[in-house]
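Trainee: The primary structure of each chain is shown beneath.
2 protein chains.
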Amino acid sequence: MDFPSKLIENAVGELSKLPGIGKKTALRLALHLLKAETDTTATLAEALAKMRFDIRYCDTCHNISDTAECSICANKLRDHSIICVVSDIRDVIAIENTGQYKGGYHVLGGVISPIEGIGPSDLQIDSLVERISAPDSEIKEVILAISPTMEGDTTAFYLSRKLRDFAEVHISSIARGIPMGGELEYADEITLGRSIVERQRQAK
Amino acid sequence: MDFPSKLIENAVGELSKLPGIGKKTALRLALHLLKAETDTTATLAEALAKMRFDIRYCDTCHNISDTAECSICANKLRDHSIICVVSDIRDVIAIENTGQYKGGYHVLGGVISPIEGIGPSDLQIDSLVERISAPDSEIKEVILAISPTMEGDTTAFYLSRKLRDFAEVHISSIARGIPMGGELEYADEITLGRSIVERQRQAK
Chain L
1 MDFPSKLIEN
11 AVGELSKLPG
21 IGKKTALRLA
31 LHLLKAETDT
41 TATLAEALAK
51 MRFDIRYCDT
61 CHNISDTAEC
71 SICANKLRDH
81 SIICVVSDIR
91 DVIAIENTGQ
101 YKGGYHVLGG
111 VISPIEGIGP
121 SDLQIDSLVE
131 RISAPDSEIK
141 EVILAISPTM
151 EGDTTAFYLS
161 RKLRDFAEVH
171 ISSIARGIPM
181 GGELEYADEI
191 TLGRSIVERQ
201 RQAK
Chain A
1 MDFPSKLIEN
11 AVGELSKLPG
21 IGKKTALRLA
31 LHLLKAETDT
41 TATLAEALAK
51 MRFDIRYCDT
61 CHNISDTAEC
71 SICANKLRDH
81 SIICVVSDIR
91 DVIAIENTGQ
101 YKGGYHVLGG
111 VISPIEGIGP
121 SDLQIDSLVE
131 RISAPDSEIK
141 EVILAISPTM
151 EGDTTAFYLS
161 RKLRDFAEVH
171 ISSIARGIPM
181 GGELEYADEI
191 TLGRSIVERQ
201 RQAK
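As you go down the protein sequences, you meet chains L and A in turn. Heads up: the first sequence begins at 1 in the UniProt record's numbering, then just goes up one per residue. Heads up: the second sequence begins at 1 in the UniProt record's numbering, then just goes up one per residue.
Be careful, since some hints might not be right.
One copy or two, it doesn't matter: identical chains are merged, so the pair holds either way.
[Stated by the list, open to error] The list that follows gives simulated cross-link-like pairs (lysine-lysine, PhoX-like), each with its CA atoms no further than 20 angstroms apart:
(1) Lys23 <-> Lys162
(2) Lys35 <-> Lys17
(3) Lys140 <-> Lys23
(4) Lys6 <-> Lys35
(5) Lys50 <-> Lys6
(6) Lys76 <-> Lys102
(7) Lys102 <-> Lys23
(8) Lys35 <-> Lys50
(9) Lys50 <-> Lys23
Source of the hints: derived by calculation from the structure; they are not laboratory data.
Work out the full structure: start from the sequences and follow the hints.
Mentor: Following this line, the structure appears as structure tokens:
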């Protein structure tokens with residue numbers, strides 16, 4: 001694609017490095033910014049730079065935070081005897097949005113993936129073990145809330161092996177089963193099979 | 001959606017103001033930037049700001065440009081007796097990419113749209129008339145290359161009325177017909193009908 005201006009070519013080039021944004025979409029975004037007020041672009045550029053340079057990660061759970069301790073870890077009303085282990089910050093946001101969980105988190109920062117060259121040492125696994133083994137630790141349960149993909153299952157397996165020495169800490173994983181609104185006939189065999197084996201008894 | 005950080009909330013808010021980008025996509029983009037080197041964000045923010053503040057529009061054809069005269073208008077090898085009138089800079093890029101056109105352009109900056117409150121005076125129509133009526137004008141042909149939508153056709157009709165006083169200037173419009181690879185049975189009736197009425201005689 002030939003551009004009539006080096007400035008727009010640069011902007012399109014940078015925008016199209018973002019995931020899911022190709023050259024055509026990048027050009028549409030650039031032309032949108034050109035048509036809008038200059039303030040729009042200034043605010044966007046500033047918000048991005050500020051986010052990237054000023055962001056911090058919580059020293060305890062590695063969630064993103066504006067301060068050394070994130071708002072979840074600092075919240076005295078939450079139950080810090082439970083830790084929910086997730087791979088990504090997006091998972092924290094998703095679980096928080098359900099409003100069903102009031103414990104703490106631990107963000108691994110990814111999953112074990114030999115193909116992408118991500119090993120256990122690249123993730124926040126040691127710091128999770130440290131949190132649990134700390135003398136003043138009050139942790140009673142660790143929930144493994146990792147997406148059930150090949151890499152996710154490997155990570156969960158690795159973690160449960162790592163954590164089984166802590167006899168006093170319960171390890172659980174999020175329930176697998178048929179999602180709300182899901183049709184039985186379209187569910188895959190493994191999910192349907194497990195949802196029958198691990199059926200939930202109803203209260204009478 | 002609740003965010004654990006004001007910084008990320010601001011960035012997601014600004015990103016999701018872009019066309020075709022919702023909150024979820026914006027969050028994915030923001031987290032991608034957080035994972036990448038700080039340079040990536042700095043370069044992106046700078047490229048956007050530089051584009052918005054330093055961009056110029058060609059004084060003659062209103063194409064985007066880094067200088068007062070765009071590279072197309074300044075090119076002495078092009079045929080400046082033909083002007084191709086388009087609504088948008090994207091159309092210039094699309095036509096340039098075909099490599100089939102070696103004349104000049106005139107970018108209107110939109111199409112007449114009463115619903116969006118865009119009238120003829122909001123577009124670069126007067127400057128087109130000025131270009132043609134200038135005493136030293138060498139323009140012999142004006143090609144109306146405007147998308148055949150309701151608004152586009154209105155704009156083309158308005159333009160051809162405006163330009164019909166210039167007896168020495170030919171007005172043409174881009175050919176309508178069945179696109180390459182298009183199937184006759186799926187073509188709409190108006191296109192198919194016109195492609196038969198305005199059939200092109202083959203050279204023997």
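Trainee: Hints first: check each against the structure and report whether it holds.
Mentor: Here is how each hint holds up against the structure:
1. Taking the shortest Cα distances, Lys23 and Lys162 never come within 20 angstroms of each other, neither inside one copy (45 angstroms) nor across copies (36 angstroms).
2. In the homo-oligomer, the alpha carbons of Lys35 and Lys17 lie at most 20 angstroms apart only across protomers (13 angstroms), although the nearest pairing inside one protomer, at 22 angstroms, exceeds that limit.
3. Proximity of Lys140 and Lys23 under a CA criterion of 20 angstroms is satisfied in neither setting, with 50 angstroms inside one chain copy and 35 angstroms between copies.
4. Proximity of Lys6 to Lys35 under the C-alpha cut-off of 20 angstroms is restricted to the intra-copy arrangement: shortest distance 18 angstroms within a copy versus 28 angstroms between copies.
5. Within a single copy, Lys50 and Lys6 get their C-alpha atoms only as close as 26 angstroms, which misses the 20 angstroms cut-off; across copies the closest is 11 angstroms, which meets it.
6. Taking the shortest Cα distances, Lys76 and Lys102 sit within 20 angstroms of each other inside one copy (11 angstroms), while across copies they are farther apart (70 angstroms).
7. In this assembly of identical chains, Lys102 and Lys23 lie within 20 angstroms of each other by CA distance neither inside one copy nor across copies; the values are 43 angstroms within and 24 angstroms between.
8. In the homo-oligomer, the alpha carbons of Lys35 and Lys50 lie at most 20 angstroms apart only across protomers (15 angstroms), although the nearest pairing inside one protomer, at 24 angstroms, exceeds that limit.
9. Proximity of Lys50 to Lys23 under the C-alpha cut-off of 20 angstroms is restricted to the inter-copy arrangement: shortest distance 19 angstroms between copies versus 26 angstroms within a copy.
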